[in-house]
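Colleague: Protein chains in written order, with this note's numbering: chain A, 1 to 424; chain B, 1 to 140.
Rather than coming from a laboratory, the hints here were simulated on the basis of the structure. For every residue, glycine included, the Cβ atom is placed at its ideal position computed from N, Cα and C. Treat the hints loosely; a few may be bogus.
[Stated by the list, open to error] Looking from chain A toward chain B, a few residues come up when the C-beta cut is under 7 Å (computed):
#1 Gly25
#2 Gln26
#3 Asp136
Residues per chain are reported as follows:
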Amino acid sequence: MKSLFNRGLATGMLAVFTAATALYGQEFKLGTVKGVEQTVQIHGFGTQGFIHTDDNNWLTMNTSNVGSGEFSDIGLNLGSQTTSKFRWAVQGYDRELGQLGRWHPQFDFFMGDYRAKPWLGFRGGKVKTVLGLYTDTQDMDFDHTFALLPQSMYPIDLRDTSIAHLGGDIYGKAKLPNKYGSLAYTAYGGRRKDSKYSGYPYLLENVAPGVHIYLGGSYGGPVWGGDLRWNTPLKGLVIGASRQNERISGSGTLSVPAAHIAGAPYSEHSFADWTNWFYGKFDKNKWHFASEYKRYYQAKDIFGEEAWFDVDTRGWYASGAYTANKWLEVGSYYSHYRAFFGGADLVPNGPHLAYPSLTEAEKHDYDKVITGKFTINQYFTVKVEGHFMDGNGQATYPDGFYPAVNPTIQDNTNAFVVRAGFSF
Amino acid sequence: MKKLLSIFLLLGAASILTVHAQAQVIVIANNSVKATEVSKSDLRDVFTGAATELKDGSRVVPILLKAGTVHEEFLQVYIGKNDTAYRAGWRSLVFSGQATMPKSLDTDAAIVEFVAHNAGAIGYINKASAHEGVKVLTVK
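All chains, full assembly: derive it from the sequences and hints.
Modeller: What follows is the structure, given as structure tokens:
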């Protein structure tokens, strides 16, 4: 049934592709208010991908046999500039990534935005989170060289953990004197909530052999942070930094059939949870370079302060791309992910949980990537990409390699990715 | 030698044509816009969604041509991108909730008509097209 559905989806996507000429962002008149014409715009995007790997199954798909095409997403956007200072927008998003997403649509965002001055704007509702260069645009496949952004920074299976927050932003941009460029800032606060079809809840369902934790759709909490980026006087060079703080809680049930435990209460709560992120990008003529670094630290108690543990991961990448002509762009990146483990006694009541002994491959994932992006026209792109991964980095977080679809996880993996997308 | 000379002549002709083509685009604005001139970097910022005001504080709204040589030339000279990359940049802003796509119109006449009747509107047309009722901004 599922494969039938996938075939249907693929056919649908093909139909959209062949209807290229009909695609264009649409604008509809709603009426006139105080002499100003009111319109609403409709835009959309979607992708269909295929992944084959030589060893491990990747991203919750069965990729290591023939490969998997359970790699699709689609978004639809409505928006209107109601006055010169106010606009609203709403976007629906849906995806399937192997066992994740599973075609359960969600609001990507719904927001009102009031831009009082260029240096002072407010937006509220469900708002995309500004974090590093691409967190808020990570789904915009058409705008990126790569089919998969560096997974050390933008793990596609954990998209829900950073994509948006329910709350508000204060933002703006100001030119600096003496031609020192301009500064753009965003400060935000609110709550985030993960879909139960996201990577972390899925991981917990089979967190260890015979151990199952079901979060039951409750995983999230307050989030606040900011971003500051400098458009330097050197044309094309942008550098910046982001910081995010969170306090994430989840509750559900624990089952360990071998120990006759069924439906025992489970809870977790992060009491130190932050991300530091630094980035830069440089565009010069046909060349595009980017590099980012992030450190993510989380210490959490589980089972109501009975025990606690922490994760400390560092990721960075360096990428380069060259636009050969209007149809072809080639690029490459090196993505570096490494997990570290700490152990301060931050919870008075609980012992620090020791990690099992880990192999070197479980502590890192170094991914070397080459890509060719073919731009058919302004609506359609096709990407062909190779990944050469050293390590599986699944010690702290699955990093794409989940035990549920990998009874034994090999050290290294090569992947072949094809992704076609449209946008209008 | 003859071949080399032909190539040089062709390159020379192409560069003359390019210079000639660059002179075909003019930037127009609604009469409510105070500025009479605009810097290339301001123009790029406004037409890529990075800014909503000119240096003198005039609030502006960019209007695009849907396609054509004038559109391509404008993007090439002032934005430094081709149409596909340019629109992808705007869509990225739209899909991340940061902007609304600028209005795109089919003809120079439609651009002039819209710019003339909408405060803050700024657009570009072929120099040879009629442009009564709008002001022409000098690009520095």
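Colleague: None of the hints should be skipped; say for each whether it holds.
Modeller: How the hints compare with the structure:
Because the beta carbon of Gly25 of chain A sits about 6 Å from the nearest beta carbon in chain B, less than 7 Å, this interface hint is met. The beta carbon of Gln26 of chain A comes no nearer than 10 Å to any beta carbon in chain B, farther than 7 Å, and the hint placing it at the interface is violated. Because the beta carbon of Asp136 of chain A sits about 4 Å from the nearest beta carbon in chain B, less than 7 Å, this interface hint is met.
When each numbered hint is compared with the structure, a violation occurs for hint 2 only.
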